[in-house]
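Trainee: This is what each chain is made of:
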Amino acid sequence: MTSAPSSSRRRFLQTVGIGGVTALLPRTSLKAHGEEKPATNIADALAVPRTAHSMPGKYPGAVIDVHDAACLVDDAPDAARCAAMLERAMLELTGSATIADAWRQFVGPDDSVGLKVNPVAGTLLSTSPVLVEAVIAQLEDAGIPRSRIMIWDRREFQLPEAGFTPERFPGITIRGTECQDANGSFRDAAGRLYSEDRIDRAWYFFADYEEPYDEETMPYMVNEGKYSYFSRIVTQEVTKIINLPILKNAGSTVTLCMKNLAYGAVSNTGRLHKHLWAETCAQVPCFPPLRDKVVLNIVDGMIGCYHGGPGANPQFIVPYHRLLVGSDPVAVDRIGLDIVEKKRIGMKVQEEPSSRAAAFLELAQEYQLGIADLNTIRHTSIEMS
Amino acid sequence: MRRYVLLLLLLLFIPRTAAAGPLLIAKDLPGWDISTPDFYSAKQLYGYINGGAELYLEYGFRQVTAQRCTKESHELQVDIYEMTSPEAAFGMYSILHGDCPAALSGAEWSCVAPVQILFARDRYLVSVVPYDRSTETRNAAKDAAAALLKRIGARDFRPDEIFRSGPLSPGRSALLFLRGPLALQNALPAWSDPLAGIDHFDLFFTRFGDGSRKTEAAILDCKSKQDLEKVLMQLGLPGAGKDWTQTKGGALIKRKSPRQIWYLKGGQAKALSKRIP
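As you go down the protein sequences, you meet chains V and P in turn.
Once you know that position 13 of the first sequence is 13 in our numbering, the rest is easy, because the numbers rise by one and skip nothing.
Once you know that position 21 of the second sequence is 21 in our numbering, the rest is easy, because the numbers rise by one and skip nothing.
Worth flagging that the hints you see were computed from the coordinates, not collected in a lab.
Bear in mind that the values here come from a model prediction, so they are computed numbers and not experimental data.
Treat each hint with caution, since some may be false.
[As the list claims (entries may be wrong)] Now the in silico label distances, taken between C-beta atoms and shown as ranges:
no.: 1; chain 1: V; residue 1: Pro212; chain 2: P; residue 2: Pro238; range: 33 to 41 Å
no.: 2; chain 1: P; residue 1: Pro37; chain 2: V; residue 2: Ala189; range: 31 to 39 Å
no.: 3; chain 1: V; residue 1: Glu167; chain 2: P; residue 2: Thr36; range: 46 to 54 Å
All residues carry an ideal CB built from backbone N, CA and C; glycine is no exception.
Using the sequences and the hints given, assemble the complete structure.
Mentor: Have a look at this one:
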């Protein structure tokens, strides 16, 4: 599933050069809540012309929120009901007469389709394999062969733990940027990280901030310096991305579409959490490998959490019984934030909405990745049961 | 010479013993298989609880001991987090316990819910998760938690007297201990603005009372006088002194030391301020 550099990539390289030439363009330094933020190369990304496929995609501001109280059986997603929810959402979003037509608005038989799942919280709180099976089945109905579908995430070794195994998904490529060999080593015989070969140094997110490399903490990651390199999966191996995060909180905000893309597609992310969380969530998806390839976002909200996330704390894992679907990741995240925030307030985890929770979405709206304003978003609720 | 060799061996042995900490053993759960413990240091925590590690590290974390217990199709997971202090263990517990239908006997900071048993004792935070809903697994989870509680021994963490039996004791059961920005974002986002830009602080916070008597109370310790001045500035009360002073937002603030303030807000704030020296 590899391909030559796309025309947009060539344009990016022509614009900024390769390797550290970002100094040619002004780096944006931000100030938020009185805190001076490290400069980044967001200007590089914004300088690349948008395409017809750029975020927010075909349906800016549209979010389909499908709810089915019966979608879980014994606390696990029910395959038939999950597939029905997905189908209903796709038809509603696209206005298509058939489900195959609906999917073909976003992908075609010549595409290499990457399904970006989130397996970081193990079996308890990862993207449901049942939902991914439903997506694959509907893609096949739309004429996409299994050989052109990839399930991917940053960490290859977490995918089987979350249920994404070759046995369960025969014929589907299952890959991560960070990987280990059969002996559990992250390095080859020469001591070179395997993940070195899975990043694309021509594409990078620069942020003028770094933290010391910690071999014990992050033995598997290209994880040094001020550059975060994009995965070859997004720059070279897939032509379209379907984003499949989980409905869960991260502190008083959420880790949904934008976070799943931003932190899932680049290396060296440890340094980006403390001071640049909102900026990373909004800026990394501005780069063409994500901005121009992510066509659809499907938030798995059948089971989610409202506190203790992004890790899995059983006390706070709850059935939300829903899927959120849209081409606009910002709008989908805004609705997801609303749902999680209401749950947190209802469960008395917090008293009122946080003034900072939507900061990354407001920033993303400034970059024209989607719509963060609740009054402008078209939120369609569908009750299935 | 022999004495030195013995001393050397002893020194080598002590850290290993200490690293083991409290463990679940076979007699705690008769009939169950208890796995050999896995240990994860602070540097390995990302690998074990990816996504949640930073909060533990912010409080002060030494290691987690993980054991899996199985019996036929039943399974439960025991994680014993060794923090750097009882205060840190209590702080994590205060954020993570959620609704508590029941508690462990003799442990104030414990929460027995159907999906997880959590308690803080000494410098340990213990989580026991039953992976199925059977009575057998849930009873085993309670037995495991009780055994570990006994093995850890020691007393419950004791917050400041003012929260234990003093004027703020109505808020004792809802007491939060927050150490750093991540804890704040998780449990008390409304305080993110007044504490913006402050990386290191200790905050005891509670809420109690209903309706017009609803009240918030807090004790905030900063690491430097400058940090506290910044907080006071952001609260709109620069130069707050030793007497209770009202902010524009209606809170009462009193400076107890160059790095510490006490805070009251809500229906009972004024009356409480008269009882707090």
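Trainee: Please go over all the hints and tell whether each is borne out by the structure.
Mentor: Taking the hints in turn, this is what the structure says about them:
1. Under the hint 33 to 41 Å, the C-beta atoms of proline 212(V) and proline 238(P), about 36 Å apart, fit the expected range.
2. Between proline 37(P) and alanine 189(V) the beta carbons are some 32 Å apart, a value that agrees with the proposed interval 31 to 39 Å.
3. In this structure the supplied range 46 to 54 Å is violated for glutamate 167(V) paired with threonine 36(P), their Cβ-Cβ distance being about 28 Å.
Comparing the model with each numbered hint stated earlier shows that hint 3 is the single one that does not hold.
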